[in-house]
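Make a model of the complete structure from these sequences and hints.
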Amino acid sequence: MKRKGQSHLFKDPIFKGAMSSLQPLSLPRSGNVYNELIKNIVYQQISYKAAENIFGRLCTLLGNNKYQPKDILAHDHDSLRSVGLSNQKANYVKNIAHFFIEHKLYNHDWSTLTDKEIIDLLTQIKGVGTWTVNMILLFELMRPDVFPHKDLAIQQSMNALYKIDKEKKELLKEMNNIAEQWRPHRSLATLYLWSWKRANS
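Every position in the sequence shown, counted from 1, becomes a number in the working numbering once 14 is added.
Treat the hints loosely; a few may be bogus.
Claimed, not checked - Once the Cα atoms are required to be at most 30 Å apart in a straight line, the calculated DSS-like pairs of lysine-lysine come out as: (1) LYS18 <-> LYS140; (2) LYS80 <-> LYS118; (3) LYS25 <-> LYS187; (4) LYS211 <-> LYS63; (5) LYS187 <-> LYS130.
What the hints assert, rightly or not - Cβ pair distances, simulated, as ranges: (6) ARG43 <-> GLY77: 14 to 22 Å; (7) LYS130 <-> GLU181: 21 to 29 Å; (8) ARG43 <-> THR74: 16 to 24 Å.
Treat the hints as calculated values from the structure; they're not laboratory data. Using N, Cα and C, we set each Cβ at its ideal position, and we do this for glycine too.
Following this line, the structure appears as structure tokens:
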């Protein structure tokens, strides 16, 4: 699948010129959408090292890294805060746990839902936005055609590579126009763009 996607993406000469020496970004999967959602909340808006430490302490508190919603709910707010979660994030992980229990989602077969249906479902949870669900679609569910155009690193990469020189809505519009040629492999394009950003930061 990667080879087929790469062949398609490299028809774009700008993309090929920038990415031919790179490998697309790869991150480990949690093995479960619930676990990955919690991890994403922990890692948001803080340094990778700090997030790694907090997440490690959270897993220790919960007993393992394959915790279930009931494991989060077994601990009160102060207990969750004690591992380093902010007040807001402690509330968010509780929100996720309650939602997954209420909707019986922990062992859900996500293959039965489209990308849009998953976004519409999970963004009902307070604290879970579209960007977060896109990360789930990309890394945990490995959906092939996800394009998180509001991601800052993606915006910066495309601005630099394609000399877009626009802002806000005009930037997003031009990014999506360019990305149309990458369908149905926009996930792979996204992973390459993140790798390019890391290599050129």
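Structure-based check of all given hints:
1. Between LYS18 and LYS140 the CA atoms are separated by roughly 38 Å; this puts the pair beyond 30 Å, and the hint is violated.
2. Distance restraint check for LYS80 and LYS118: the Cα-Cα separation of roughly 17 Å lies within the 30 Å cut-off, and the hinted pair is therefore satisfied.
3. At roughly 21 Å between alpha-carbon atoms, LYS25 and LYS187 fall within 30 Å of each other, so this suggested pair holds.
4. At roughly 19 Å between alpha-carbon atoms, LYS211 and LYS63 fall within 30 Å of each other, so this suggested pair holds.
5. At most 30 Å may separate the alpha-carbon atoms for a hinted pair to count; LYS187 and LYS130 meet this at roughly 19 Å.
6. Roughly 20 Å separates the CB atoms of ARG43 and GLY77, a value that falls within the hinted 14 to 22 Å.
7. Separated by about 27 Å at the C-beta atoms, LYS130 and GLU181 satisfy the suggested range of 21 to 29 Å.
8. Distance hint check for ARG43 and THR74: the Cβ-Cβ separation is about 21 Å, which falls inside the suggested range of 16 to 24 Å.
Comparing the model with each numbered hint stated earlier shows that hint 1 is the single one that does not hold.
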